[in-house]
Amino acid sequence: MKNFWKSGDPFVWLTGGAIALSLIMILGLLGLIVVNGLRQFWPPQIVELHLQNGETVLGEIWEREEILALDGQGSGHRIRLKIGNRDLYPLDFRWIDESEIVAKRYPENVLVLERLEWGNFYGRFNTLKQGNTILANSLGTGQEALADALAEMALLRTRIRELEKDEIGSINYDLEKLRLEARKLLLTSDTTSVAVQRSLTEKRKKMTVLQRQYLEKEKALSALYTKSREMVLTATSADGREKAIKIFDIVRLTTPNALDVVARSRVFLSRVAEFVSAEPRESNTEGGVFPAIFGTVILVLIMSVAVAPLGVLAAVYLHEYAKQGLVVSAIRIAVNNLAGVPSIVYGVFGLGFFVYAIGGTLDQLFYAEALPTPTLGTGGILWASLTLALLTVPVVIVATEEGLAAVPREIREGSLALAATQFETLWRVVIPSALPGILTGLILAIARAAGEVAPLMITGVVKLAPSMPFDGRFPFLHLERKFMHLGVHIYDVGFQSPNVEAAIPMVYSTTLLLILIVILLNVVAISVRNRLRKKLAYSVF
Amino acid sequence: MTNVKQPIWETKEMINGMAKEQSIAGKKRPGLSAQGVSTLAQANAEQPALKTENWFFSYGQDWAIKDITLEVPTKQVTAFIGPSGCGKSTLLRCFNRLNDLIAGARFQGQIYAEGTNIYDRDLDVTDLRKRIGMVFQKSNPFPKSIYENVAYGPRISGIKKSGDLDEIVERSLRQAALWDEVKDRLDSTALGLSGGQQQRLCIARTIAVEPQVVLMDEPCSALDPIASAKIEELILELKKDYTIVIVTHNMQQAARVSDLTAYLWLGQLIEFNKTGLIFTNPKEKLTEDYISGRFG
Ligand SMILES: Nc1ncnc2c1ncn2[C@@H]1O[C@H](COP(=O)(O)OP(=O)(O)OP(=O)(O)O)[C@@H](O)[C@H]1O
Ligand SMILES: [Mg+2]
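Protein sequences appear in the order of chains B and P. Under our numbering, the first residue of the first sequence is numbered 1, with each subsequent residue one higher. Under our numbering, the first residue of the second sequence is numbered 1, with each subsequent residue one higher.
To be clear, the hints were calculated from the coordinates, so they are not data collected in a lab. Keep in mind that a hint or two might mislead.
[Unchecked claim] Below, computed lysine to aspartate or glutamate pairings styled on EDC-like, alpha-carbon distance capped at 16 Å:
id	chain 1	residue 1	chain 2	residue 2
1	B	K217	B	D166
2	B	K323	P	D100
3	P	K130	B	E424
Take the sequences, apply the hints, and build the full model.
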């Protein structure tokens, strides 16, 4: 027995057990996220249930659970069915006792329509109409016409989006700019001067031109909308109600029960592609998350650009220049402890300091003409990035200091002995050798920043951003804009949306995506670091 | 100054803090040297390359170097021998003021390089280090290319033209007997060289700045006999242009390469004389014990 303890085997088991437990938990979590995150893209079987009371329901089986029978004797199961058709029924979901089910079928002609509004529609094809002419009145014969109509309307959707966002958007942007310029002139210069008057008239003239253009675009837009109403699909729901649905509103039409594995995979891929490249709809519970991906990545990039120099400079001072003593030790402890401050505290600080103090002041100095509408004095991607930079700077400082400490003294002395000054030694030898350590710090900072949610919610993230922080209009990167973020998106969709149940798959997919982005950012940083390490590797002979 | 005068060493009782003590980092600074404010440029070539006068040095507690007075003649090889921990490296590092970095170090006495007090308040330390180069015990190439390692010193001294740099790099590598081995891979990392090559690279790097004195702290301690022999050859070659001070644990090496040998023991200079005399006819019992291997 004594030998058993002495041999150290129990300790090996203990340590091994610890790592195994951690791995199991992490893999379990990842597995859950991956499975649930991907499952929602896979087209499900649509089941048709005939109930004892003569009702027929159509839908996706969401879950199944055990219940006690009504008389308390024995037990049965009930299933939760997603019945969709939010425009017909009050709720998306319905519980059905399995004992009530008379027959269960998977009819091949069931359509699933993913729509711009009202969620999914489950039903059967009735007619396809253009105006008053009937193009097809059965799914079999109407296949081609339907596909054409869908393609045409998809084009129309893109066209309308272009018109609204880009063309009308840019006219609005220019108008607003002119209005502010005019206001600035009125506020700051002598309005009686001829030059100012002339420039004001000129601006007004330009604005009139723009307004005329605006009206033209508006007209074009309404023509397009009229066109969008032309093609209508009438479909019958499970309980026999007929519903007319504009083809324009249909994002995707599938007959899942009739699809084989290949066709299903194609639908799966197209839904994944939509998820990462499209904008959200239905208050974020459907559609894509592209703006959130974009916002997250830009946020992390700006954060890195801000935190790297700040952290590295601070660490270099602490490690190389400061006289080591009580004060420096105190600062070091304080820096380490900063990493433990709840992130919401940083958020509040960012709101008070960056947004209100700095942003507010800058507004008064440079954007006075727009007041009382704040330009920089409100949350935006710059302030959110700086808040995160502040949050992660301790990580970078600690890692950089470690990197600097790891540079062998012989190397420093070698440089000094060649008549280099302390600064030259630092700049040419020490910092390059410490780069891997610095990058490690940055990697940790990125990982932490990408997953942060609380401070962002009060420094510039919104549920739905009207425009992205980066676009084709000068100066391209709009640091003052609000933005969307995957982490906040998860919180918002999962807990704040009007239809939480239906949004759960979205939560999983977004989480999966966020994890993938963090991994991607890290892989990039790690590979850069490893390349550097290989170059710097200290060979021991 | 080719002849060494009488043994400079004299027995002296150590009295802690007997003279004006001077702290490197602190406020107390050595006074002006006898010639007044002087720069190395004005140095007198007639003077010995290095000269210490009643030199004491401490890392904070006890004196690691106690009252050493010696002269290192120009363009000769002077060897420091002595048991481990006796202060050879410490003394060597006093010559290019590398010990300045150590917090709490203090010293007492004078060191002159060609007549200039190198601990003078107005002396530019980088200027001094340009004139007194150093090769370390453990080879310490920078994590850069071979070329960049050699060009490092010249770049620091402000040489920018790539033609000049190329020339310096080639000449230094040739002098260090490394050129033929590395001429085809000047741009590959210096860390890929063997230990002996790395050490020769460090020598090339040191002589690239054309110092007057090269301090070598056990340059062969990590090398095999063949690599050591190469370095010894190199030292004899370098002797033509440079004053060399070498620390070594290898008696044979000291005997082979040096003209003068100093024996240090517990921070004191026990004996300093022509190498031939030290090894054949030591005056001091302690020296004899050490050389004949009867020591510790
Ligand atoms: N940085 C330092 N701080 C404090 N004490 C030191 C430092 N470097 C050396 N010493 C001490 O100074 C004394 C002399 O050391 P030094 O390195 O000069 O010995 P050495 O003769 O070179 O020995 P070796 O042959 O082993 O290299 C030793 O007692 C050593 O412990
Ligand atoms: Mg030593």
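Against the structure, the hints come out as follows:
1. The suggested pairing of K217 (chain B) with D166 (chain B) holds, with an alpha-carbon distance near 11 Å, which does not exceed 16 Å.
2. Between K323 (chain B) and D100 (chain P), the direct Cα distance comes to roughly 15 Å. Compliance with the 16 Å bound is thereby established for this hinted pair.
3. Note on K130 (chain P) and E424 (chain B): the hinted pairing holds, with a Cα-Cα distance of about 14 Å set against a maximum of 16 Å.
Checked against the numbered hints above, the structure violates none of them.
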